[in-house]
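Construct all of the structure, not just a fragment, from the sequences and the given hints.
Protein chains in written order, with the numbering used here: chain V, 1 to 606; chain P, 607 to 779.
You may find that some hints are simply not true.
What the hints assert, rightly or not - In silico SDA-like cross-links for lysine to any residue, where the CA-CA straight-line distance does not exceed 20 Å:
| # | chain 1 | residue 1 | chain 2 | residue 2 |
| --- | --- | --- | --- | --- |
| 1 | P | K764 | V | V391 |
| 2 | V | K170 | P | K774 |
| 3 | V | K376 | V | V391 |
| 4 | P | K732 | V | R446 |
| 5 | V | K115 | P | A773 |
| 6 | V | K155 | V | H549 |
| 7 | V | K115 | P | K717 |
| 8 | P | K760 | V | G408 |
| 9 | P | K779 | V | Y449 |
| 10 | P | K717 | V | G71 |
| 11 | P | K760 | V | N400 |
| 12 | P | K732 | V | E402 |
| 13 | V | K235 | V | L362 |
| 14 | P | K779 | V | S448 |
| 15 | V | K284 | P | A773 |
| 16 | P | K717 | V | D117 |
| 17 | P | K760 | V | E402 |
| 18 | P | K774 | V | W161 |
| 19 | V | K284 | P | M776 |
None of these hints come from the bench; they were simulated from the model.
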Amino acid sequence: MHKLLLSTSVGAFALLSFGAANADELVTLQKDPKQWALPTGDYANTRYSSLKQINTENVGKLAPAWTFSTGVLRGHEGAPLVVGDVMYLHTPFPNIVYALDLNDSGKILWKYEPKQDPSVVPVMCCDTVNRGLAYGDGKIFLAQADTTLVALDAKTGKLVWSVKNGDPSKGQTSTAAPHVFKDKVFVGIAGGEFGVRGHITAYDVKDGKEVWRGYSMGPDADTLIDPDKTTHLGKPVGKDSGISTWEGEQWKTGGGTTWGWYSYDPELNLIYYGSGNPSTWNPKQRPGDNRWSMTIWARDLDTGKVKWLYQMTPHDEWDYDGINEMILADQDMGAGVKRKTLVHFDRNGFAYTLDRVTGELLVAEKYDPAVNWATKVDMDKNSPTYGRPQVVAKYSTDKNGEDTNTQGVCPAALGSKDEQPASFNPDTGLFYVPTNHVCMDYEPFRVSYTAGQPYVGATLEMFPAGRVLGDKTDNTGNFIAWDARAGKIVWSDKEQFSVWSGTVTTAGGLAFYGTLEGYLKAVDLKTGKELYKFKTPSGIIGNVITYEHAGKQYVAVLSGVGGWAGIGLAAGLSKSNEGLGAVGNYASLSNYTALGGVLTVFALPN
Amino acid sequence: MRLSLTGALALGVIVSVGAVAHAEAPGDPKAVKSVDGKYFDAKGDPTYNVQPDGTVDFYTFSGYRRYHSECHVCHGPNAEGSTYAPALKDSVKRFNYQEFAGIVIGGRENKTAGNESVMPSFAENKNAMCYLDDIYIYLRARSTDAIGRGRPEKKEEKPAAFSEAEAKCMSAK
Numbered sequence: 001m002h003k004l005l006l007s008t009s010v011g012a013f014a015l016l017s018f019g020a021a022n023a024d025e026l027v028t029l030q031k032d033p034k035q036w037a038l039p040t041g042d043y044a045n046t047r048y049s050s051l052k053q054i055n056t057e058n059v060g061k062l063a064p065a066w067t068f069s070t071g072v073l074r075g076h077e078g079a080p081l082v083v084g085d086v087m088y089l090h091t092p093f094p095n096i097v098y099a100l101d102l103n104d105s106g107k108i109l110w111k112y113e114p115k116q117d118p119s120v121v122p123v124m125c126c127d128t129v130n131r132g133l134a135y136g137d138g139k140i141f142l143a144q145a146d147t148t149l150v151a152l153d154a155k156t157g158k159l160v161w162s163v164k165n166g167d168p169s170k171g172q173t174s175t176a177a178p179h180v181f182k183d184k185v186f187v188g189i190a191g192g193e194f195g196v197r198g199h200i201t202a203y204d205v206k207d208g209k210e211v212w213r214g215y216s217m218g219p220d221a222d223t224l225i226d227p228d229k230t231t232h233l234g235k236p237v238g239k240d241s242g243i244s245t246w247e248g249e250q251w252k253t254g255g256g257t258t259w260g261w262y263s264y265d266p267e268l269n270l271i272y273y274g275s276g277n278p279s280t281w282n283p284k285q286r287p288g289d290n291r292w293s294m295t296i297w298a299r300d301l302d303t304g305k306v307k308w309l310y311q312m313t314p315h316d317e318w319d320y321d322g323i324n325e326m327i328l329a330d331q332d333m334g335a336g337v338k339r340k341t342l343v344h345f346d347r348n349g350f351a352y353t354l355d356r357v358t359g360e361l362l363v364a365e366k367y368d369p370a371v372n373w374a375t376k377v378d379m380d381k382n383s384p385t386y387g388r389p390q391v392v393a394k395y396s397t398d399k400n401g402e403d404t405n406t407q408g409v410c411p412a413a414l415g416s417k418d419e420q421p422a423s424f425n426p427d428t429g430l431f432y433v434p435t436n437h438v439c440m441d442y443e444p445f446r447v448s449y450t451a452g453q454p455y456v457g458a459t460l461e462m463f464p465a466g467r468v469l470g471d472k473t474d475n476t477g478n479f480i481a482w483d484a485r486a487g488k489i490v491w492s493d494k495e496q497f498s499v500w501s502g503t504v505t506t507a508g509g510l511a512f513y514g515t516l517e518g519y520l521k522a523v524d525l526k527t528g529k530e531l532y533k534f535k536t537p538s539g540i541i542g543n544v545i546t547y548e549h550a551g552k553q554y555v556a557v558l559s560g561v562g563g564w565a566g567i568g569l570a571a572g573l574s575k576s577n578e579g580l581g582a583v584g585n586y587a588s589l590s591n592y593t594a595l596g597g598v599l600t601v602f603a604l605p606n
Numbered sequence: 607m608r609l610s611l612t613g614a615l616a617l618g619v620i621v622s623v624g625a626v627a628h629a630e631a632p633g634d635p636k637a638v639k640s641v642d643g644k645y646f647d648a649k650g651d652p653t654y655n656v657q658p659d660g661t662v663d664f665y666t667f668s669g670y671r672r673y674h675s676e677c678h679v680c681h682g683p684n685a686e687g688s689t690y691a692p693a694l695k696d697s698v699k700r701f702n703y704q705e706f707a708g709i710v711i712g713g714r715e716n717k718t719a720g721n722e723s724v725m726p727s728f729a730e731n732k733n734a735m736c737y738l739d740d741i742y743i744y745l746r747a748r749s750t751d752a753i754g755r756g757r758p759e760k761k762e763e764k765p766a767a768f769s770e771a772e773a774k775c776m777s778a779k
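If you want it as structure tokens, here you go:
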């Protein structure tokens, strides 16, 4: 299926020698474009499908084939899995899992509904979202809001094992999808706005036994960093870097949570993910670089040992979580040499291309021209500030200090892109990226820490980027095609609202994504031209997937507005009509859509 | 419940945690008197004061900030609600000061079809409890549109009584 995976077939064969049967199964499953067996589509997070029954010629005829209501009215992020003849679908809290029979129009084969203490609901920062399930070893894995990881028998829905990954009474919650790589299931933790110290944990798929846990900060024994062997920009990081870059004991409530998407390179046996914002949002209360928040991590799958790291936003001053997906693509980086690269679209507005073997920084460029908090990332290897963003003083909330309102910072805290994943299309060699085009005012102030209570320490206001750019635009989103070799936007489609949906691209020459008003859209990969749209029952913050069943290609997406988008946009952004002139007609999202929880599955008519 | 008790006592509030009976509606938010830069309505409940040039009292400003730190991730910017929590600029038209304080301190749960919402107890959270009046005052100002969306541009000087109370409350063990 994937050109990319063909190139890593050596890795796939190597897996056989490990003797883990489910590893073989997952490698086989992700090569079969008829299925969507991983929450990320494949280990590399490309979200590319070689299916082409639906293509640029006929996509205009696409129509809903069947729909399914989840029975829940909160924000619906993530996407279902398709394994064989069964679709596995999750919901926001209370985290119901449905197994739907694709041979019988989505008839419910089984349903699992956990009993969770509802006191977890208000410690979830931004709605009670859940980003999906994982499959492996004949089991379906669900990371419940209350941090319980459960393994269900994929055939019957019966509970096989469960473990507790965190403590919601301390603000620790689960929103991310679990990920199965080889013989382990990986889960992260959310709660950066509650002073939670982030970690990633590997459990054995067979019995749920903890294999290793790596924290985002703290002593080397906690982070699994080797002071001599683990590198940052090519240099060993030194002893206890997760403590020495903090003042006092602030690292204990340091954030760096791990609620994004993870990827895996079987050939290198490394897993990749990002860590989130340091806590609190008030930078004055945590002097230092705050390592390793806001960092790209490469850990050994079996031991958790850290091979390399790259901290994108040292000493964050704007809540630019680094958790967005790491897309593994092999690209020609000049001179005809293919390199194993990792591409990451960060909340901070820079798109990074790194060598994923060594962690060498190759490209770091803005993927929204509005980005203004830093002029550039220093790419001079001999410079003392190599690899660091060059922060613009007037946008530094730390320099401006507590109780000062720093104005017109781009992007806003929700980033030029949030968790909604991009797609790499090997046919065009480009990345297709859902983005936000929003700026903010940010005022930090002093807060005290209480376990299980919000630990934010800043107030912010968001508004369309056009207000800062002064270009009379009022769109808050763009859907873009990105060249990660050159670090350049190839084309950009305006969207009225932030694009809060994950993307899939296909060999049919199409990119699919959803919009906050509720449209499922298909655009031409080469030009960005819109070829199809259909308005689903509610705003889309889920990820689009595609699969084939009984000879027919389907496209599926969850509707259900909510999440962070549901906070900031439901009533419209502040100051939306200021400084925009006559064209300023920004309306609130609530004029377009209402709550819902519906899966819509599309196909070409017979 | 240490903080909740001291908080409640300081406010002179009788708190029936969890179950808030429907009591007297809130009164006219018009300020009739001022004590050390803090304004009160005819019933003696804390309220806002906005001068003709838009200058707000310091408590309204402080409430704006604390609201957007502690409350807005659920209740939305500018107290206008989100897809999963109500607009408090409207709620404070129905809840009086005592009810408001009771809910913040005690928390509550609402269950409707397909949607379970939970207001947590903020009793142990100084970032909310030390600014309970400020947040209430801000919400009242939003409820009548006495202030618009966003950050109030002009504010009165920080009263000495404010700084004193803040320091005492935030450092209380």
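We went through each hint and held it up to the structure:
The straight-line distance between the Cα atoms of K764(P) and V391(V) is roughly 32 Å, outside the 20 Å bound, and the hint therefore fails. A hinted pair counts as satisfied when its Cα atoms are at most 20 Å apart, and K170(V) with K774(P) does not qualify at roughly 25 Å. Between K376(V) and V391(V) the alpha-carbon distance is near 8 Å, which keeps this suggested pair within the 20 Å criterion. Of the supplied pair hints, the one linking K732(P) and R446(V) holds, its CA atoms being roughly 11 Å apart against a limit of 20 Å.
For the given pair, K115(V) sits about 42 Å from A773(P) by alpha-carbon distance, which is inconsistent with the 20 Å threshold. Under the criterion of a C-alpha separation no larger than 20 Å, the hint pairing K155(V) with H549(V) is consistent with the structure, at around 18 Å. Straight-line distance between C-alpha atoms of K115(V) and K717(P) comes to about 15 Å, which keeps the hinted pair within the 20 Å bound. A distance of roughly 18 Å separates the Cα atoms of K760(P) and G408(V); the hinted pair therefore holds under the 20 Å criterion.
At most 20 Å may separate the alpha-carbon atoms for a hinted pair to count; K779(P) and Y449(V) meet this at roughly 12 Å. In summary, the hint linking K717(P) to G71(V) is supported, as the alpha carbons are separated by about 14 Å, within the 20 Å threshold. The straight-line distance between the Cα atoms of K760(P) and N400(V) is roughly 19 Å, inside the 20 Å bound, and the hint therefore holds. Among the hinted pairs, K732(P) with E402(V) is consistent with the structure: their alpha-carbon atoms are about 18 Å apart, no more than 20 Å.
With a C-alpha separation of about 16 Å, the suggested pairing of K235(V) with L362(V) holds against the 20 Å cut-off. Among the hinted pairs, K779(P) with S448(V) is consistent with the structure: their alpha-carbon atoms are about 12 Å apart, no more than 20 Å. A C-alpha spacing of about 18 Å is found between K284(V) and A773(P), which places the hinted pair at or below 20 Å, so the restraint holds. Using a Cα cut-off of 20 Å, the hinted pair K717(P) and D117(V) holds, with the two alpha carbons roughly 13 Å apart.
Between K760(P) and E402(V), the direct Cα distance comes to roughly 18 Å. Compliance with the 20 Å bound is thereby established for this hinted pair. Of the supplied pair hints, the one linking K774(P) and W161(V) is violated, its CA atoms being roughly 49 Å apart against a limit of 20 Å. For the hint linking K284(V) to M776(P), the alpha-carbon distance of about 17 Å falls within 20 Å, and the restraint holds.
Going through the hint list in order, the structure does not satisfy hints 1, 2, 5 and 18.
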